[in-house]
Amino acid sequence: MTTSSAAPISCRNVGVRFAGGRDVLAGVDLDVPAGRSVALVGPSGCGKTTLLRCIAGLQPLSAGTIEPRPETVPAGTMAYVFQEPALLPWLDAVHNVMLPLDLVGRGAPPERRAMAEHWLAEVGFGAGDLGKYPGELSGGMKMRVSLARALVTEPAILLLDEPFAALDDLLRTRLTELLLTLHARHPRTMVLVTHNIAEAILVGDEVCVFDGGRIGSRVAVDLPAPRLAQARGGAAFGRLYGVVSDALAEAAR
Amino acid sequence: MSRTRIPWTQLVFEALPAAAVAAGVIAFWQFAVGYWEVPAYLLPSPVRVATALWEKRDALLHAFWVTARASVAGLAAAAIVGTLLAIIFSQSRVIRTALYPYVVFLQTVPIVAVAPLLITWSGYGQRTVILVSAIIALFPILSNVTAGLLALDRNHRDLFRLYRASRWPTLLRLRLPTAMGHLALGLRISCGLAVIGAIVGEFFVGRGSDFPGLGAVMDRWLAMGKTDALIAAVLLSSLLGLVMFAAVNLLTDRLLHRYVQGTGD
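Protein chains in written order, with the working numbering: chain A, 29 to 281; chain B, 0 to 264.
Each hint should be verified, as a subset may be incorrect.
Among chain B residues calculated to face chain A with C-beta under 8 Å, some are [said to hold, decoys possible]:
1. Glu13
2. Ser121
3. Asn154
4. Tyr162
5. Tyr258
From chain A, some residues computed to sit far from chain B (all C-beta separations above 12 Å) [unchecked claim]:
6. Arg45
7. Gly85
8. Leu89
9. Met106
10. Thr201
11. Gly266
Mimicking DMTMM-like on lysine to aspartate or glutamate, the simulated pairs with C-alpha atoms at most 25 Å apart in a straight line are [stated by the list, open to error]:
12. A/Lys160 x A/Glu182
13. B/Lys225 x B/Asp57
14. B/Lys55 x B/Asp209
15. B/Lys225 x B/Glu36
16. A/Lys160 x A/Glu150
17. A/Lys160 x B/Asp152
18. A/Lys160 x B/Asp252
19. A/Lys160 x A/Asp130
20. A/Lys160 x B/Asp157
Think of the hints as simulated: they come from the structure by calculation, not from any bench.
Remember, it's a predicted structure, so these values are computed and weren't measured experimentally.
A virtual CB, placed ideally from N, CA and C, is assigned to each residue, including glycine.
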């Protein structure tokens, strides 16, 4: 399996104005070095998901620039994990994962299937469940399939929009650990939108706290990698949690 | 996906009240016709209807079969044409705005008024009957499939945009599968209409000829005052509608159940 090299993301003075004249984003600058990860946190409606959609090319900019421009990189260079698994109910697990390869026309069908099976195995999806349809899978299983689908094109940039928000705490922790393990094994540039401070600190090399359409504060995370969930008990983690929590409380005021 | 089987005892219990009502109505009908001495040309007794059903069984079964074939062909034609038109409609707002009013217009024109015109163009034959059936059955399929092709889940749409899927793969891999549930709904609404269309078509096509469909034999028996046979034919028409509905439900449940399970979340 080939792995795409990670690519840096650079956002300059990004602005988005929705119909009605509301500025959702204004003057946002963000740099994510290649292979590094940034977590975006902030109150609901502060523009985190909008920025993620802008980076993916799903939301047009009203101002500023983002590099790489999605239309200038090969399809499959960027992958997006949605809040919901968003699987196609008429396809079984393996065909859901094969879908991006089919759409970008990468590999012959047997090769696509092999890649899909490989990534399903990477996310801990049982070989016996490959033929199961979304309606037959639990929430956690569906999210694993969704993650495998995002990774199957071996994207240089992985964008995650509160991917584990709908899961219970235990499952959320397991999948966050899985994400960290995969990131350590296959480094790629990641942007994670989350409401969960612990998740933001565990995944991000930097945590950006949004405040009214802008990045209000940035917190560098200096926890050693790999930051598995055990890091939560440490003093450094507790200090970072306090700093991000204070910044969020300030933003919510 | 495992589907729950309903035990036959439960089915019997569920069917019992409706069967009891039917038995009550038939009993009252038999009693009322005898008690008030209603003339048979106005309302024959259930026994006379049953007798007519038995005596004319060959003609009725043949008529049933002819009308069933026309209804199925009309429904199939409506499904194909409706889906193709819906695909065209889904491609652009301009096309929809330009053509949809005419589809609505077609729906509002009484088919009884159009049928003679269709005979002029298409002749006295099965083809015209199928045409009338298809025209009546078209609108629910067209409107439902168009809605289905346009009602994409936002995340699914974004997923296809992210991988820069062009119009054709998006249509084949996302829009059409998403619309399958809507097609199933359209077929369920249209299957009864297809039967009505076939019978209306046969009324006109069969006039003055020996066309064998249910609509044609009904028209003939009406003219001959054979009310008992006419009622027997009406009952068979209803049965045909029920059979069509059950068959469409069964087929769509078997073939399309994966497509009607929401967004996979």
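Verification of the supplied hints:
At about 26 Å, the closest approach between the beta carbon of B/Glu13 and any beta carbon in chain A exceeds 8 Å, and the interface hint on this residue is violated. Taking 8 Å as the C-beta contact cut-off toward chain A, the hint placing B/Ser121 at the interface is violated, the least distance being around 38 Å. Interface hint at B/Asn154: satisfied, since its Cβ lies 4 Å from the closest Cβ of chain A, which is below the 8 Å cut-off. Annotation: B/Tyr162 was flagged as interfacial toward chain A, and the flag holds, the nearest CB pair being 4 Å apart, inside 8 Å.
At about 5 Å, the closest approach between the beta carbon of B/Tyr258 and any beta carbon in chain A falls short of 8 Å, and the interface hint on this residue holds. The beta carbon of A/Arg45 is kept farther than 12 Å from every beta carbon of chain B, the shortest such distance being approximately 20 Å. The claim that A/Gly85 is not at the interface with chain B is violated, since a C-beta of that chain comes within 12 Å of its own (minimum 7 Å). With a cut of 12 Å on Cβ distances, A/Leu89 stays outside the contact zone with chain B, its closest approach being about 16 Å.
With a least CB separation of 7 Å from chain B, A/Met106 falls inside the 12 Å interface cut-off, contrary to its annotation. Against chain B, the non-interface label of A/Thr201 holds: every CB pair exceeds 12 Å, the least being about 21 Å. For A/Gly266, the requirement that its beta carbon stay farther than 12 Å from each beta carbon of chain B is met, with the minimum near 35 Å. Between A/Lys160 and A/Glu182 the alpha-carbon distance is near 23 Å, which keeps this suggested pair within the 25 Å criterion.
Distance hint between B/Lys225 and B/Asp57 is fulfilled; the C-alpha atoms sit about 16 Å from each other, no more than 25 Å. For the hint linking B/Lys55 to B/Asp209, the alpha-carbon distance of about 15 Å falls within 25 Å, and the restraint holds. The hinted pair formed by B/Lys225 and B/Glu36 meets the criterion: a straight-line CA distance of about 18 Å does not exceed 25 Å. Between A/Lys160 and A/Glu150 the CA atoms are separated by roughly 17 Å; this keeps the pair inside 25 Å, and the hint holds.
A hinted pair counts as satisfied when its Cα atoms are at most 25 Å apart, and A/Lys160 with B/Asp152 qualifies at roughly 21 Å. Proximity of A/Lys160 to B/Asp252 is assessed by CA-CA distance (about 19 Å); at most 25 Å being required, the pair is judged to hold. A threshold of 25 Å between alpha carbons decides the hint, and for A/Lys160 with A/Asp130 the separation of about 19 Å falls inside it, so the pair holds. Annotation: proposed proximity of A/Lys160 to B/Asp157 holds, straight-line Cα distance about 24 Å (limit 25 Å).
In terms of the numbered hints stated before, the structure departs from hints 1, 2, 7 and 9, listed from lowest to highest.
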